[in-house]
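Using the sequences and the accompanying hints, generate a full structural model.
Single-letter residue listing:
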Amino acid sequence: MTARCARHCILPPGLLRRLARSADEAVRDAALRSLALDGRFRLARAETAASLLRIPKSVSFARIGGQPQRTIYDQRNSESQSPGKVVRSEGQGPCPDQAANQAYDGLGATYAFYWTVFERDSIDGAGEPMLGLVHYGRRYPNAFWDGTGHMFFGDGDGQILTQTTAGIDVIGHELTHGVTQNEANLTYSGQSGALNESVSDVFGIQVKQYALGQDAHSSDWLIGADIVGPALRPALRSMKQPGSANRHDDQPADMDGYVPGGDVHTNSGIPNRAFYVVATTLGGHTWDAAGPIWYATLRDPALRPNATFRDFARLTLKHAQQAYGADSAQAQAVTQGWEAVKVPL
Amino acid sequence: MRIDVTRRGGFAGVALHAVLDTATLAAAEASRAEAALRELPWDRPAAEPIAPDRFRYQLATYEGGHLRRVELTECEIPDPLRPLLDLLPEQGQIRPASG
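Just so you know, the sequences run in chain order H and X.
Numbering of the first sequence is given in this note's numbering, commencing with residue 823 and proceeding in unit increments.
Numbering of the second sequence is given in this note's numbering, commencing with residue 117 and proceeding in unit increments.
No wet-lab data here; the hints were simulated from the structure.
Since the structure is predicted, the reported quantities are computational estimates derived from the model, not experimental observations.
Worth double-checking, as some hints may not be accurate.
[Unchecked claim] Pairwise CB distance ranges, derived in the manner of DEER restraints:
1. X/R211 - H/G906: 31 to 39 Å
2. X/M117 - H/P1123: 47 to 55 Å
3. X/H182 - H/G1035: 55 to 63 Å
4. X/Q209 - H/Q1158: 33 to 41 Å
5. X/A139 - H/Q889: 51 to 59 Å
6. H/C917 - X/W158: 28 to 36 Å
7. X/D137 - H/P951: 27 to 35 Å
8. X/E145 - H/R885: 32 to 40 Å
9. X/D137 - H/P1052: 21 to 29 Å
10. X/E145 - H/P1123: 29 to 37 Å
11. H/E950 - X/D137: 31 to 39 Å
All C-beta atoms in this analysis are idealised placements derived from N, C-alpha and C, irrespective of residue type, glycine included.
Here it is in structure tokens:
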């Protein structure tokens, strides 16, 4: 077992069961704890599903999962929305283009995080191919998920953003927009839009922490630090201290600073900080408990597309209590997180 | 023709603002840009976002003596307007996302 998974993070049950038969006592104990926790999450999911009407998704028997299907295309600075020339396919070694290799690795890191921690098979949970389109546009200072299976990467304008493929949290953020689209489908305006943005930062930072083997206390909780240009250094957003990432950062750190009618990237600071407080109050790896609580909330059919901060907060508490117990440290940490940002439960 | 332009959205979460003037373009580009500007769907309701983190452009002009506004997604920008909007990164001032 690697150091990264030495604690009770959630691994695929088959692997956990094999580890539970290990001769190494520490490995066996960790695996047994993870199996128990995983079982509680499965039970909570089943209870939620049984209590609410949900639209069943089609079941694919064609895939076992655990392996991404990546293809990287070179858009050659055009703004065509159709994939360009293939420069690297799944299983191929590095190509001469660094941006293409960074995109390939970032898509892989995001797949690995979602699969290993949540057993989610790609963006749609059913093995959707991951298509990365690099060198989109001319000095295009942005990266985005287009909602139809493509992630576009601009080369950056050198001022606001540099080469966007270099940000593993950026890739995790954008692909999480695809996950959200497949789950709660949070409407991209108002509080639900700020939640949509926050959920992408919440899982984007975890993809980075997971890839670097960081725990909640060793992470800098900065978004975009690896791709920010000189005009916005040192980072685009701070989940720890919203409003402090750069001199143009207008994110509020709690509801006292909420901006009515504000941009979704502004008010997302509030739920971002709530998550930071939960993760750092609990300590350990963010994906041990805080991440799974947020993920269960995102997947809960009770989370409506027009959800408010309060709707979301109440569901995080419900899932913390279901998975860990009403008076558990996890449920208390969730309460503290929302109290810190003044969202009433 | 002077146009007040604000680009919003994008992963970076900041706005970029400038007042751009078609007079700074070459004559042929300027006349094509001005024709495209006249045909924009001024004063229509704002469009729904096409996807998270995409850019949208808010344009405003006092041409004709009264304020007119329109918001376009980046996919709606007519090609003849691109030379004008390409001036934005150089001339624009960064503003907070909600500023």
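To see whether the hints hold, each was checked on the structure:
{"no.": "1", "hint": "X/R211 - H/G906: 31 to 39 Å", "result": "holds, 33 Å"}
{"no.": "2", "hint": "X/M117 - H/P1123: 47 to 55 Å", "result": "holds, 51 Å"}
{"no.": "3", "hint": "X/H182 - H/G1035: 55 to 63 Å", "result": "holds, 60 Å"}
{"no.": "4", "hint": "X/Q209 - H/Q1158: 33 to 41 Å", "result": "holds, 39 Å"}
{"no.": "5", "hint": "X/A139 - H/Q889: 51 to 59 Å", "result": "holds, 57 Å"}
{"no.": "6", "hint": "H/C917 - X/W158: 28 to 36 Å", "result": "violated, 46 Å"}
{"no.": "7", "hint": "X/D137 - H/P951: 27 to 35 Å", "result": "violated, 46 Å"}
{"no.": "8", "hint": "X/E145 - H/R885: 32 to 40 Å", "result": "violated, 51 Å"}
{"no.": "9", "hint": "X/D137 - H/P1052: 21 to 29 Å", "result": "holds, 27 Å"}
{"no.": "10", "hint": "X/E145 - H/P1123: 29 to 37 Å", "result": "violated, 53 Å"}
{"no.": "11", "hint": "H/E950 - X/D137: 31 to 39 Å", "result": "violated, 46 Å"}
Hints 6, 7, 8, 10, 11 from the earlier list are contradicted by this structure; the remaining hints agree with it.
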